[in-house]
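*Asks:* Sequence:
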Amino acid sequence: MDTPQLLFNGLAVGSIIALAAVGLTLTCGILRLSNFAHGDFMTLGAYITWLVNAQGINLWLAMPVGAAVTAIAMLIAERLLWKPMRDRRADSTTLIIISIGLALFLRNGILMIWGGSNQRYDLPVMTATEIFGIKVAFDRLLVIGLAIIVIIALHFLLQKTKIGKAMRAVADSNDLARVTGINVEWVVFWTWIITGVLTALAGGMFGLITGGVRPNMGWFLILPMFAAVILGGIGNPYGAIAGALIIGVAQEISVPLIGSDYKLAVALLIMILLLLFRPQGLFKGTV
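Take 190 as the starting number for the sequence shown in the numbering used here and just add one per residue.
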């Protein structure tokens, strides 16, 4: 496979990782939570999208339903797990262990309800169009376009709205934000809403370009997501987007050299090298 084709495929995969990584970096930067269940929430969003689509509803109408359900599930986890842990001032190690337990709970819940088989969206088969020697699949083009629209909307929310400015203030200093009158709990609420929507959209779109959804799809993406977050600077959504695109392209370009089964190792290698030589990431870690 030639390099331009691999670059295009990498941009599509990187766009999906970017959406999920932005949600992950927001929880890391604002809530100080390294959420290893993030990938399984992504899987949940993909399954809800598939379930709604299987009832004959258009996929692009099913995705908002998946986003809403995923956001609600994240708010339930916030109420039952993360808020009590913050109130008790649990350390980061405890939170990581809890998030791994939550990931296992979600994954096994999905297996119990829908089984281990791959599920496919109810979509017509579309052939790829060749442009300048690159086979451009319509679904991958849609994924890139939708990711761009969502990222622009996120930029507007963070930079121009009151809640976005409050989120940046809480990321800089939780205690100082409280002193200045910012409702931190309201910021936490909106952080989970935004994270849930972005994560579910990423899951739905990943199922679109891979031909279906499966119970472990999010778990296999959690490493590239964390690699993107670390590469871009923890807490920096723009850095996470850049890091995700770098990871996505690097993984796809490596396929002819090491095969598709080992491309996840590329994300791990990038993350290890960055932690060794520039642990703060390529960009400043702030919202």
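What the hints contain is simulated information worked out from the structure, not anything from laboratory work.
Don't be surprised by glycine CBs; every beta carbon is placed ideally from N, CA and C.
There could be a bad hint or two in this list.
Ranges between beta-carbon positions, derived for each pair [unchecked claim]:
no.	residue 1	residue 2	range
1	Glu374	Ser306	37 to 43 Å
2	Asp280	Asp450	35 to 41 Å
3	Ala243	Thr192	36 to 42 Å
4	Asn372	Gln194	45 to 51 Å
5	Leu312	Leu465	28 to 34 Å
*Asks:* Using the C-beta atoms of leucine 312 and leucine 465, is the stated range 28 to 34 Å upheld?
*Replies:* violated, 43 Å
*Asks:* State, for the Cβ atoms of alanine 243 and threonine 192, whether the hinted interval 36 to 42 Å holds or is violated.
*Replies:* holds, 38 Å
*Asks:* So does glutamate 374 sit 37 to 43 Å from serine 306, Cβ to Cβ?
*Replies:* Given a distance of about 41 Å, which is inside 37 to 43 Å, the answer is holds.
*Asks:* Is the gap between the beta carbons of asparagine 372 and glutamine 194 within 45 to 51 Å?
*Replies:* holds, 49 Å
*Asks:* Given the hint of 35 to 41 Å, check if aspartate 280 and aspartate 450 actually sit that far apart at their C-beta atoms.
*Replies:* holds, 36 Å
The earlier numbered hint that this structure contradicts is number 5, and it is the only one.
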